[in-house]
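Engineer: One-letter residues, chain by chain:
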Amino acid sequence: MSNISWKEILLEEMPADLAHEVDIFEGQMELMGQGKLDEKVFAETRLRRGIYGQRYDNGQRHDGFESRDLAFEESERIKGPDTLWHAPGMQRIKVPFGGLTPDQLDVLAQVADEYSDSILHVTTRQDIQLHFVHIEDTPDLMRRLASVGITTREACGNSVRNVTCCHLAGVCRTEVFDATPYADAFAQFLLGHDDVQDFGRKFKPAFSGCENEACGLVMMHDLGYLAQVREVDGKQQRGFKVFVGGGLGTVPHQAKVLSEFTPEDEILPQAQAVARVFARLGEKRNRNRARIKFLVAKVGIEEFSRLVEEERKTLPHDDRWSAYLDTLAHYEEKPTRPPTFLNGQVRLSAFNRWFETNVYKQRQEGYSVVTVNLPLGDLTSKQTWALADVARKYVGDNVRTTVEQNIILRWVSDADLPLLYEELTALGLGDPGAGTIVDITACPGTDTCKLGIASSRGLAAELRTRLTTKSASLPDAIKDLKIKISGCFNSCGQHHVADIGFFGNSRRSGNFKMPHFQVVLGGRWRDNAGSYGLAVGAVPSKTVPEVVDTITNRYVDERAKGESFQEWIGRIGKKQARSLIQPFMQLPAFERQPEFFSDWGDPRVFSLGDIGIGECAGEVVSLFSMEIATAESEAFEAQVALDESDPTRADALAYSAMVKAARALVRTQFLDVGDDPNRIVQEFKTRFFDTELFFDQYAKGKFGQYLFERHQSPNQNPDIDSAHRLIEESLLFIEATHVCESKVGGNVLIEL
Amino acid sequence: MIAPQRLSLKFYFADISVDVEAFIPVFHRWIREHVVSNELLLDVADYKHILDGPALFLIGHTADYVIDMTDGKPGLQYVRKRELGTDLSKALEMTLSQALNGVKLMETDVELRGKLKLGADAATIAFVDRLNYPNNDTGAESAQAQLSDSLGAVFGVDASITRVDNDPREPLTFELHAPSAPDVDTLINRLQARKALCGQ
Ligand code: SF4
Numbered sequence: 000m001s002n003i004s005w006k007e008i009l010l011e012e013m014p015a016d017l018a019h020e021v022d023i024f025e026g027q028m029e030l031m032g033q034g035k036l037d038e039k040v041f042a043e044t045r046l047r048r049g050i051y052g053q054r055y056d057n058g059q060r061h062d063g064f065e066s067r068d069l070a071f072e073e074s075e076r077i078k079g080p081d082t083l084w085h086a087p088g089m090q091r092i093k094v095p096f097g098g099l100t101p102d103q104l105d106v107l108a109q110v111a112d113e114y115s116d117s118i119l120h121v122t123t124r125q126d127i128q129l130h131f132v133h134i135e136d137t138p139d140l141m142r143r144l145a146s147v148g149i150t151t152r153e154a155c156g157n158s159v160r161n162v163t164c165c166h167l168a169g170v171c172r173t174e175v176f177d178a179t180p181y182a183d184a185f186a187q188f189l190l191g192h193d194d195v196q197d198f199g200r201k202f203k204p205a206f207s208g209c210e211n212e213a214c215g216l217v218m219m220h221d222l223g224y225l226a227q228v229r230e231v232d233g234k235q236q237r238g239f240k241v242f243v244g245g246g247l248g249t250v251p252h253q254a255k256v257l258s259e260f261t262p263e264d265e266i267l268p269q270a271q272a273v274a275r276v277f278a279r280l281g282e283k284r285n286r287n288r289a290r291i292k293f294l295v296a297k298v299g300i301e302e303f304s305r306l307v308e309e310e311r312k313t314l315p316h317d318d319r320w321s322a323y324l325d326t327l328a329h330y331e332e333k334p335t336r337p338p339t340f341l342n343g344q345v346r347l348s349a350f351n352r353w354f355e356t357n358v359y360k361q362r363q364e365g366y367s368v369v370t371v372n373l374p375l376g377d378l379t380s381k382q383t384w385a386l387a388d389v390a391r392k393y394v395g396d397n398v399r400t401t402v403e404q405n406i407i408l409r410w411v412s413d414a415d416l417p418l419l420y421e422e423l424t425a426l427g428l429g430d431p432g433a434g435t436i437v438d439i440t441a442c443p444g445t446d447t448c449k450l451g452i453a454s455s456r457g458l459a460a461e462l463r464t465r466l467t468t469k470s471a472s473l474p475d476a477i478k479d480l481k482i483k484i485s486g487c488f489n490s491c492g493q494h495h496v497a498d499i500g501f502f503g504n505s506r507r508s509g510n511f512k513m514p515h516f517q518v519v520l521g522g523r524w525r526d527n528a529g530s531y532g533l534a535v536g537a538v539p540s541k542t543v544p545e546v547v548d549t550i551t552n553r554y555v556d557e558r559a560k561g562e563s564f565q566e567w568i569g570r571i572g573k574k575q576a577r578s579l580i581q582p583f584m585q586l587p588a589f590e591r592q593p594e595f596f597s598d599w600g601d602p603r604v605f606s607l608g609d610i611g612i613g614e615c616a617g618e619v620v621s622l623f624s625m626e627i628a629t630a631e632s633e634a635f636e637a638q639v640a641l642d643e644s645d646p647t648r649a650d651a652l653a654y655s656a657m658v659k660a661a662r663a664l665v666r667t668q669f670l671d672v673g674d675d676p677n678r679i680v681q682e683f684k685t686r687f688f689d690t691e692l693f694f695d696q697y698a699k700g701k702f703g704q705y706l707f708e709r710h711q712s713p714n715q716n717p718d719i720d721s722a723h724r725l726i727e728e729s730l731l732f733i734e735a736t737h738v739c740e741s742k743v744g745g746n747v748l749i750e751l
Numbered sequence: 000m001i002a003p004q005r006l007s008l009k010f011y012f013a014d015i016s017v018d019v020e021a022f023i024p025v026f027h028r029w030i031r032e033h034v035v036s037n038e039l040l041l042d043v044a045d046y047k048h049i050l051d052g053p054a055l056f057l058i059g060h061t062a063d064y065v066i067d068m069t070d071g072k073p074g075l076q077y078v079r080k081r082e083l084g085t086d087l088s089k090a091l092e093m094t095l096s097q098a099l100n101g102v103k104l105m106e107t108d109v110e111l112r113g114k115l116k117l118g119a120d121a122a123t124i125a126f127v128d129r130l131n132y133p134n135n136d137t138g139a140e141s142a143q144a145q146l147s148d149s150l151g152a153v154f155g156v157d158a159s160i161t162r163v164d165n166d167p168r169e170p171l172t173f174e175l176h177a178p179s180a181p182d183v184d185t186l187i188n189r190l191q192a193r194k195a196l197c198g199q
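Read top to bottom, the protein sequences are chains A and B.
First residue of the first sequence? That's 0 in numbering that gives the first Met the number 0, and the numbers climb one at a time after it.
First residue of the second sequence? That's 0 in numbering that gives the first Met the number 0, and the numbers climb one at a time after it.
No lab work stands behind these hints: they were computed from the structure.
No residue lacks a Cβ here, since even glycine has one placed at the ideal position from N, Cα and C.
Be careful, since some hints might not be right.
[Unchecked claim] Among the chain B residues that face chain A by a calculated CB cut under 8 Å, a handful are:
| # | residue |
| --- | --- |
| 1 | L39 |
| 2 | Y46 |
| 3 | H60 |
| 4 | D63 |
| 5 | V127 |
| 6 | R129 |
Could you put together the complete structure from these sequences and hints?
Structural biologist: Set out below in structure tokens:
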């Protein structure tokens, strides 16, 4: 093994809090390896660090004939229920509002190259995902990301997921104002916030600058913000129309209006109040009804709004609610080149095709946004480095990911466009057709997702190839239609808001199962995901290209002048829409058309045998279990520091571990205890020590005294002996905390 | 010298008359039939929609086999990613041995036989480990010496190793030129003889 480590090398470059979080996680991995951490607790812990399970991680794979064991070494070692330690997994990386710098792209490419399969995948929520990652590589992977200011914290699990925002925010011609700094402030404020640690399910926020375009998709989010300006006493006041309870999934819900106008200085406390109401009243045990949309539907939006308002009044003041507003005036993106105009340059026809679909004229004269159209949202490490250089040359830090799985370069000086196009083309990144029918969105599906039923990516690749081949001859009416594909009903591919959407399912024919896609027509992408499509029936996966042709041909033939696809579907109705696909719904016998019984890009005979348990399913873990696990990791870190002959650090960590354990216990009764050690110790004393709830049958209050003594009289010069003693005491204290909690019975539950 | 985090070795197709698609069922069969007896194979990942990149992965637990089209030069890349041991020379020998085994399996595969040929007279070797082998002059010299030693003995006296002048963000990379390299079987035999000689 090497004598050097990323931990040491990057020490100065990582923000201290991010570095500490990774150390804690590494400690938890170690504890898990020693069998000292509950598997469910560890599963939620790693999910909250963005480390997700991947297909076959239960050690079983269907090879087309039967399910077989994958003979991983140490097969008894797990990283969660039914999830083998050595099985590769997915690392999700949060990218708030999709904003990336070239330096971040460089490091993302390096970690993809070293720990994954050298492919970066852009998701439908502006994240980056890496696949086939071994869990033991994740701490260094996170450290390297932390060194360029990226965290994977709360990228998965029952937490506030990536905060998305229109990729055009700030340069858009129709926006009210730039929502970016608000999205950023929101993401920072709620990251790791106490009030978002006890959700029954994930929570997805989105920001949008205007009502009519699609970009922010606020109507399909748990919490959505739409920029608004109103006049108060002759002055312009900024704020947001706030929506709550939207979501796709099996049962899509349109978000409801929580408030017509929330002033900018109120959005963070209001979000905090929403989080508290959701944590307190949201469903915890039945994950199928645990998203906030079900709570809003259950109590009604009026009552939900009232609850939020009441909660808002009880919130202890937090300076961060408005502190970021002072920086807003200085928030601006800087172009790297002066504005110019595209005038008189030689324009090749290939450039013109690309220009038509991939270039958006910014509000700012002389500048454009260029969309790098990524096939299936993928790019290689090598392409990423080159793209980072292209960005440095033309746009500096103004790079964003999009919810359509592309990357955009903002602030391209117009006269640079032809050269930029050439450079992108040389990298294999100059495909035209961004945002058109060939730019198909697809979730990972059966390629890597444990819940996938059919191959969304395989189908997307096939459709992309076929449609691109004939793109020059496609009628104008269908060029801009959106096709979106999910591998199952969970809707990660956002099929509900596509003109033509598909989600994977299966049907039986004789003794065999056949991959199918449910066809969903007429969803509305514009108007922030304004309405959801109509499910009209399921067709065999292998017929989908023909199904697309049939539907689009009929639309071209039958549409009235100016009639949109949604209007046409609305006009012909579900029955007629179904009749369009009816001829494809027949199921051939295996013997006659065996190719129908395997999926796109996968020659194995189709099976549902590989579907696993989604990592958000089923198990219930208490908030106490999650928080005490952090305390235990710090105690572990303290031992490591002692082994490294650093008694000062060991002493500090052992003390911190005790405070965290006390806090975990206090928070079973009093969620708002905050982070101040004085307050935590005081609350612990009043609630558990003075009441003797914490007392051991024989040792009485002895373990509690360990905390009080260290808290009141910190050791100014700890040596190896004293640090060692304190570590022992912290372990006993943590143990006593466990005993007390099981005696008293925690009341706050988390669902995995 | 220490073994890197990952070590990759790419041999180039001297001849190929099938497209990437043809490897998909082959790789699935390799998984099903445990064709690589000393490695656990897991899955097939299809990226052929990406231009000039790694097009198809046979993902394994310890190593991946990649039909790689990077820079428009199709080849079979073997990426050793786990269980490299601690010593570079042993890691190199093991990676070479497994990569050659992969070449042989591919050339003799029942569905591919006669449809492709991998050249043994050139290869690209990458140290995918920026911690221990940053792509600069510091680590390159000794890595190059070790490569010359390990590969020279197998590929012939006129085999040469040159460092690739690539972007410093990319892995430290070398090229092997071995004009008089014998066929794959001979290479495998030589490697085994060398191992026996070293008492491994
Ligand atoms: S829609 Fe289904 S298959 Fe696709 S990523 Fe989501 S859960 Fe997986």
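Engineer: Check each numbered hint against the structure and report the violated ones by number, ascending.
Structural biologist: none
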